[in-house]
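Novice: Each chain, written out:
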Amino acid sequence: MNDSLRELLRQSADTVVRPQLEFDQLVALADRRIVRRRLAAVTVSAVAVAAIVVGGTALGPDDATPSPAPAVPNETPTVEPTPTTPDQSPAASVPRVPPEDVRGWPTTSKNRAGAYSWDGRTCAYSQSCIPGFMHNGYGSGDVKITIEPGEGRVPEDWTPATVAGRPGAHRQVNAFQEVWWVEIHGRALEIQLTTRPGTKQREIDEGRAIIASMYTEKRPTELGWRLVFILTTDDWDSG
Amino acid sequence: MGRPRGTSAFTELVEHRGHALLRTAYLLVGDHQLAEDLLQEALVKTLIALPRIRDISRIEGYVRQTMVRTVIGWRRRRSFHERPSDALPEAPIDDGADVVATHQLLVAHLRGLPPRQRTAIVLRYYEDLSVAQTAELMDCSVGAVKSHVSTGLARLRERMGPSLDLVPTGEEELTS
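As given, the protein sequences belong to chains C and G, one line each in that order. Every letter in the first sequence is one number past the one before it in full-length UniProt numbering, and letter 138, counting from 1, is 138. Every letter in the second sequence is one number past the one before it in full-length UniProt numbering, and letter 59, counting from 1, is 59.
I should point out that these hints are in silico values taken from the structure, not numbers from a laboratory. It is possible that some hints are incorrect.
Said to hold, decoys possible - Incomplete in silico selection of chain C near chain G, CB under 10 Å:
#1 GLU7
#2 GLU22
#3 ALA30
#4 PRO149
#5 VAL179
#6 ILE230
Note that the structure is predicted; figures quoted are calculated from it, not measured. Each residue gets a CB set at the ideal place from its N, CA and C atoms; glycine is no exception.
If we strip away everything but chain C, and leave its shape as in the complex, we get:
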């Protein structure tokens, strides 16, 4: 059945010429994306060490039993440089949700507002949770957030920022993309917020608020922890 459809699809596909895919070019593109992760981040490393020495608990926000007043990094001004705007640096102090109320990664369908998480595992039927992708597809679809495991250390030219309650870094790539970098228990993460021309400020703020709401907690996952975040509207999905 539908042989004519199949045939027409094949005829349409036949109009595609063989691509000029150069492996080296793909590698160069990939390297360009990860090179910033491979550069040494002397400043941030020093900040992290200072946080350990000065704050003691600065690198240990993973509470097995979250308290109503969660322990957050008690960073000194040296540890927490002032961000250019409050929105650009996820807050160190974020409200926590009881672990049993935290869901996994948002599904491809409509997800109600609430607490969700990324733990670096595959989805039930696919690997689409690695990296994590979600956008406000039930809103304008203009705002996208991705969470990708990174490599290496943050480039030193990024702006130090607190990410998921830890010393990290922030970079405004261009008018429509900004990236947060953080290392959690030796695992580097890169969190990207992407918008498009004309995106409403309210939606940009919502995306930043999601990143600002991030915190980690110990869980029996492959990583031994998960990254929790709060969706405040029903607009977000991973499709």
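Got chain C sorted already, so can you dock chain G onto it with the hints?
Specialist: Then chain G, alone, in the frame of chain C:
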């Protein structure tokens, strides 16, 4: 610096399956240039994720899945890559004489479908994937795939007229 595990499989994939992947990409987006962009994006993402892909033998599936997810993301963000138009081409009057026009028309009408419907149709009728395989690739339920295919075919049938014999297969007749 040594290349990560799976690099040779990736190289082989690019060399031997690049054209096939690009053909699928073209049907997913309906535009040659955009198809190249889509494929390149999927390959770069795969290359970056290579060290974390557990089953290298499924690397092509990973690329396809990345293409599907990427294109759905693109399409949701409507005006990022294309602008919807009501002015679709007319169906060819002499449908036996202009095969080229007919498949161009099909691509144009496919492009006018919502992304999930189009993706489901391409995966089912071009890639010849089963409903279950399509659902896995699209990361949605089997029922959702049936619905997307059924609705998408109905729209194509409505727009293409009698030039295509479009009927849902037995698996997809449950939804309208």
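Novice: Please go over all the hints and tell whether each is borne out by the structure.
Specialist: Status of each hint after checking the structure:
1. For C:GLU7, the interface hint holds, since its Cβ comes within 10 Å of a Cβ in chain G; the closest pair sits about 9 Å apart.
2. The beta carbon of C:GLU22 is positioned within 10 Å of a beta carbon in chain G (closest approach about 9 Å), and the interface hint is therefore held.
3. Taken as an interface hint, C:ALA30 checks out: its beta carbon lies about 4 Å from the nearest beta carbon of chain G, inside 10 Å.
4. Checking C:PRO149 against chain G: minimum C-beta separation of about 7 Å stays under 10 Å; hint holds.
5. With 10 Å as the threshold, the beta carbon of C:VAL179 stays out of range of chain G, its nearest partner Cβ sitting at about 14 Å, so the hint is violated.
6. Interface restraint check: C:ILE230 against chain G, minimum CB-CB distance 22 Å, threshold 10 Å, status violated.
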